[in-house]
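Enquirer: Once you have looked at the hints, place chain W on chain Z.
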Amino acid sequence: VTPLVGPATLLLSALLFLTGMVGVLVRRNAIVLFMSVELMMNAANLCLVSFAQQLGAAEGRALVFFALTVAAAEAGVGLAILIALYRRTGSIDVDALDRLRW
Amino acid sequence: METVSLILFFCLAAAALASGIFVIAHRNPMASVFSLVVNAVCVAGIFLLLGDAFLAAIQVIVYAGAILVLFLFVVMLLDVRRDELFGAGGRLRRVLLALFVAALGLAIGRGIVSGIGPGAEGAGTTAGVPAFSDLLFQRYLLPFEVVSMLLLAAMLGVVVLTMRSTRAGEAGGEKEGRA
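Keeping their order, the protein sequence lines are chains Z and W.
Position 41, counted from 1, in the first sequence is what the numbering used here calls 41; the numbers after and before it change by one each time, with no gaps.
Position 62, counted from 1, in the second sequence is what the numbering used here calls 1062; the numbers after and before it change by one each time, with no gaps.
Derived from the structure by calculation, the hints contain no laboratory data.
Since the model is a prediction, treat every value here as computed from it, not as a measurement.
Mixed in with the good hints, there may be bad ones.
Have a look at the derived ranges for each label pair, beta carbon to beta carbon [what the hints assert, rightly or not]:
id, chain 1, residue 1, chain 2, residue 2, range
1, Z, GLU59, W, ARG1094, 37 to 45 angstroms
2, Z, ASP98, W, ILE1007, 43 to 51 angstroms
3, Z, ASP93, W, ILE1061, 27 to 35 angstroms
4, Z, SER91, W, GLU1002, 49 to 57 angstroms
5, W, PHE1073, Z, VAL70, 19 to 27 angstroms
6, Z, ASP98, W, VAL1129, 46 to 54 angstroms
7, W, ARG1027, Z, VAL70, 29 to 37 angstroms
8, Z, GLY56, W, PHE1144, 18 to 26 angstroms
9, Z, GLY90, W, ALA1107, 34 to 42 angstroms
A virtual CB, placed ideally from N, CA and C, is assigned to each residue, including glycine.
Next up, chain Z with everything else stripped away, as it sits in the complex:
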């Protein structure tokens, strides 16, 4: 791997994280919002792998392994909540979910 790839990977992961964050802040469809969160987690994993490779530390890779597992669990539970929500309200527009607002 060329030495330039490491910092460039960090830049890419920051840009991907930024993209996901804009998606979370801008979109109202809960599924797309959730996909943006996945995008951000992906970016964080990329950052971890890049640092692990640059610093020669295997701990970062173990962390990515755990993060992937947690992401899978999170996706399953989150999508189940979305389905329950849709059955209850008939919509997954997050702006419609303002019952807890005072």
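Expert: Here is chain W on its own, set in the frame of chain Z:
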């Protein structure tokens, strides 16, 4: 060899970024799911370029395989209509968004300007599966087991979450049938 991997890296990075923007910018959620698949595969390719074949394989199997099939399934199940791109947020939300993005952009810019130190000696030597599994099954054995419990809990949680609402739906259907 080095230039080849560099060119490959920039192609993959451009594809990952483009598909990421596509995820949040497309009106059709189905297209978003497919571009998220492309994004996950591109990131797996970058893992591979960084010398991490194992994590690349996991990334493809777990992300592009399992999680995104789940997303696809839910998008099809919920009959999501095409929605408008930007929510009907007020000016406050726009201002907050601009502030957030500007802050993160500033942080990234500072990080780039101050520079990231050169890789330490022995960079990339830990990329093999043996070092990784040593770490996983000795030092991180307890987190490994905890994660398995987490997966079990998530599985039970998903079943309970969807089962309860199914029962409610059935009860509602029975009531309607009787009425």
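Enquirer: Which numbered conditions among the earlier hints are violated in the structure presented, ordered from lowest to highest?
Expert: none
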